[in-house]
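Chain by chain, the residues:
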Amino acid sequence: MKAYRSMVKMRLLLLLQYRAAALAGIATQLMWGFLKVMVLQAFYLATNEPQPLALEQAVGYVWLGQAMLRMLPWDGDLEVQELIRNGNVAYELCRPVDLYGLWYARALALRAAPTILRAVPVFALALYVLPESYALRMPSAGGLLAWLLATVGALLLGCAMTNLMNISMFWTISGEGINRLMPAVIVVFSGMLVPLPLFPDWAQRVLEILPFAGLMDTPARFFVGQLAPSEVWVFLTRQFVWTVVLVVGGRWLLRRGLRRVVVQGG
Amino acid sequence: MAQIVVHNLQKTFKVARRQAGLWQAMRGLVKREYTLVRALDGVSFEIQEGELVGYLGPNGAGKSTTIKILSGILLPDGGDCWVMGRIPWQERISHVRELGVVFGQRSQLWWDLPVIDSFELLRDIYQLSPGDYRTALAELVDTLELGGLLDIPVRQLSLGQRMRCELAAALLHRPRILFLDEPTIGLDAVSKLMVRGFIGRLNREKGTTVILTTHDLDDVEALCSRVMVIGKGKILMEGSLKEIRRQVAHERRLIVELDGDHPAEVVAGQVLGAQLVRWEGRQAHFNFQPDRITPVELLTQLSARFQVRDVLIKDPPLEEVISQLYGELRI
Numbered sequence: 001m002k003a004y005r006s007m008v009k010m011r012l013l014l015l016l017q018y019r020a021a022a023l024a025g026i027a028t029q030l031m032w033g034f035l036k037v038m039v040l041q042a043f044y045l046a047t048n049e050p051q052p053l054a055l056e057q058a059v060g061y062v063w064l065g066q067a068m069l070r071m072l073p074w075d076g077d078l079e080v081q082e083l084i085r086n087g088n089v090a091y092e093l094c095r096p097v098d099l100y101g102l103w104y105a106r107a108l109a110l111r112a113a114p115t116i117l118r119a120v121p122v123f124a125l126a127l128y129v130l131p132e133s134y135a136l137r138m139p140s141a142g143g144l145l146a147w148l149l150a151t152v153g154a155l156l157l158g159c160a161m162t163n164l165m166n167i168s169m170f171w172t173i174s175g176e177g178i179n180r181l182m183p184a185v186i187v188v189f190s191g192m193l194v195p196l197p198l199f200p201d202w203a204q205r206v207l208e209i210l211p212f213a214g215l216m217d218t219p220a221r222f223f224v225g226q227l228a229p230s231e232v233w234v235f236l237t238r239q240f241v242w243t244v245v246l247v248v249g250g251r252w253l254l255r256r257g258l259r260r261v262v263v264q265g266g
Numbered sequence: 001m002a003q004i005v006v007h008n009l010q011k012t013f014k015v016a017r018r019q020a021g022l023w024q025a026m027r028g029l030v031k032r033e034y035t036l037v038r039a040l041d042g043v044s045f046e047i048q049e050g051e052l053v054g055y056l057g058p059n060g061a062g063k064s065t066t067i068k069i070l071s072g073i074l075l076p077d078g079g080d081c082w083v084m085g086r087i088p089w090q091e092r093i094s095h096v097r098e099l100g101v102v103f104g105q106r107s108q109l110w111w112d113l114p115v116i117d118s119f120e121l122l123r124d125i126y127q128l129s130p131g132d133y134r135t136a137l138a139e140l141v142d143t144l145e146l147g148g149l150l151d152i153p154v155r156q157l158s159l160g161q162r163m164r165c166e167l168a169a170a171l172l173h174r175p176r177i178l179f180l181d182e183p184t185i186g187l188d189a190v191s192k193l194m195v196r197g198f199i200g201r202l203n204r205e206k207g208t209t210v211i212l213t214t215h216d217l218d219d220v221e222a223l224c225s226r227v228m229v230i231g232k233g234k235i236l237m238e239g240s241l242k243e244i245r246r247q248v249a250h251e252r253r254l255i256v257e258l259d260g261d262h263p264a265e266v267v268a269g270q271v272l273g274a275q276l277v278r279w280e281g282r283q284a285h286f287n288f289q290p291d292r293i294t295p296v297e298l299l300t301q302l303s304a305r306f307q308v309r310d311v312l313i314k315d316p317p318l319e320e321v322i323s324q325l326y327g328e329l330r331i
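Protein sequences, first through last, are from chains A and B.
For the first sequence, the working numbering begins at 1 and goes up steadily by one.
For the second sequence, the working numbering begins at 1 and goes up steadily by one.
A couple of the hints might just be wrong.
[Unchecked claim] Below, a list of computed lysine to aspartate or glutamate pairs in the EDC-like style, where the Cα atoms sit at most 16 Å apart: (1) A:Lys2 - B:Glu120; (2) A:Lys9 - B:Asp124; (3) A:Lys2 - B:Asp124; (4) B:Lys14 - B:Asp77.
Worth flagging that the hints you see were computed from the coordinates, not collected in a lab.
Please take these sequences and the hints and turn them into a complete structure.
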């Protein structure tokens with residue numbers, strides 16, 4: 001356990017070194033946030049029909065997406081992918097620890113550290129500084145608790161996906177393909193592009209089954225109050241089942257991958 | 001039972017290949033061609049606790065593959081292997097706990113962080129108690145002279161400094177067996193001597209078993225009590241350096257310094273029963289076989305015609321022995 005904690009700490013140390021990147025990231029996320037809010041406002045003004053998500057909820061949903069952006073499993077862990085690509089994975093295999101666990105710990109740090117760094121200013125701005133029509137509203141205590149729980153669920157699920165992408169490297173050698181494919185999938189199916197409640201009904205049924213809604217859509221809907229806090233157990237179970245499936249599958253693949261491992265570069 | 005037993009180990013790699021050119025590349029999209037490379041083709045040996053064994057062979061002979069199988073990283077296609085009674089790839093985690101590994105061409109330290117951060121991570125990975133860690137670290141800092149290096153990010157270390165840190169990283173958990181895969185590659189003379197001295201001391205004082213693969217034959221000469229030569233996936237020769245020398249090159253070398261310049265043919269023509277292999281300045285190098293001609297006879301021949309100012313008799317350099325060995329074994 002201590003090894004994993006230590007690994008998380010290492011990664012935090014490393015990622016916190018990049019302050020300039022964090023600042024630039026925050027600026028970009030704010031810009032995109034405004035853009036998306038304005039597009040949504042235009043859409044809502046153009047229709048009189050009641051929507052499944054009220055405008056102020058949709059605006060809040062956008063800001064939550066911007067704040068938690070870095071938690072999404074956009075790509076594999078570039079460091080682990082590089083280890084496999086250049087053969088340094090040999091050293092990882094010489095350690096008396098479970099490799100899946102070690103990489104999962106790395107993924108946790110990889111997703112959590114930049115999120116903490118960037119979420120705080122975006123939340124502060126969206127909650128307290130922006131004018132009424134652009135702002136994120138503070139939820140009830142129950143909503144906040146449900147959001148917190150679902151966010152933890154989302155993090156664990158995202159790390160299982162990250163690990164799966166890492167492990168795929170044993171077959172593909174280059175992570176490029178998967179690293180380009182995943183953002184497209186994630187952006188659409190997690191609700192980053194268009195809030196999932198605004199999708200047509202037939203799509204909702206598919207989106208609900210896929211694991212990607214658990215990454216961003218689920219916590220965001222609890223925060224903006226579109227879902228009642230009492231429903232949180234249903235959604236946590238859904239996230240949990242997917243996490244277990246991906247972890248078990250990932251472990252199985254890793255075992256098979258290690259059997260065919262070739263240490264690149266002699 | 002010996003500490004390390006390897007029996008009839010086999011490993012084959014599939015290597016994709018295609019010829020140069022765009023057309024061939026497009027063809028490769030449809031039809032892949034593979035060649036099977038037999039990296040290990042029935043390797044067997046035993047190593048006793050506390051031995052320091054050199055593992056030699058040309059590039060691609062299967063040295064690193066053997067080390068990787070022994071470390072539990074690679075799975076062999078056939079054969080058996082026990083390290084301290086365990087099968088490495090089946091009990092990987094308990095196996096590697098007692099194993100230290102240094103791959104000279106790779107790094108186990110975190111590139112952007114100070115060395116000490118990597119050491120502390122290893123402390124937690126190997127679950128060392130704070131006391132054990134402190135003693136081990138203090139000892140390594142002392143013997144490897146790491147004093148000023150621990151707070152420097154790894155990327156700012158010189159290669160020699162980094163290699164010393166790599167050695168320390170591999171030894172923090174006091175392994176009983178140490179695998180060194182080309183630990184002196186690319187090091188300058190001073191760092192090389194230091195690393196070499198350290199490995200020898202570790203083996204003598206702690207009784208750590210060491211397997212050393214290297215192309216640096218001075219390393220082997222200085223350190224190894226026993227040498228195994230591998231080529232084309234097989235162990236071709238095994239024994240002390242002396243034995244290998246005797247088997248390969250029964251020749252000895254006579255180096256004489258002559259008074260005055262002479263054409264090479266004249267010098268060579270003067271001596272029967274020995275071969276002039278080098279003639280530079282006023283130094284002549286002769287190879288001769290002691291069972292055919294004695295050095296005294298050689299000198300008598302030489303001094304009949306030349307003034308001999310200085311004489312040295314020694315074994316031919318190890319490089320030549322080994323390259324001759326590789327040549328004879330056709331590897």
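Results of checking the hints against the structure:
1. A:Lys2 - B:Glu120: 11 Å, holds
2. A:Lys9 - B:Asp124: Judged against 16 Å, a Cα distance of about 11 Å means the pair holds.
3. A:Lys2 - B:Asp124: Since the Cα atoms of A:Lys2 and B:Asp124 sit roughly 6 Å apart, the hinted pair holds (cutoff 16 Å).
4. B:Lys14 - B:Asp77: With Cα atoms ~12 Å apart, B:Lys14 and B:Asp77 stay inside 16 Å; holds.
Every hint from the earlier list agrees with this structure, and none is contradicted.
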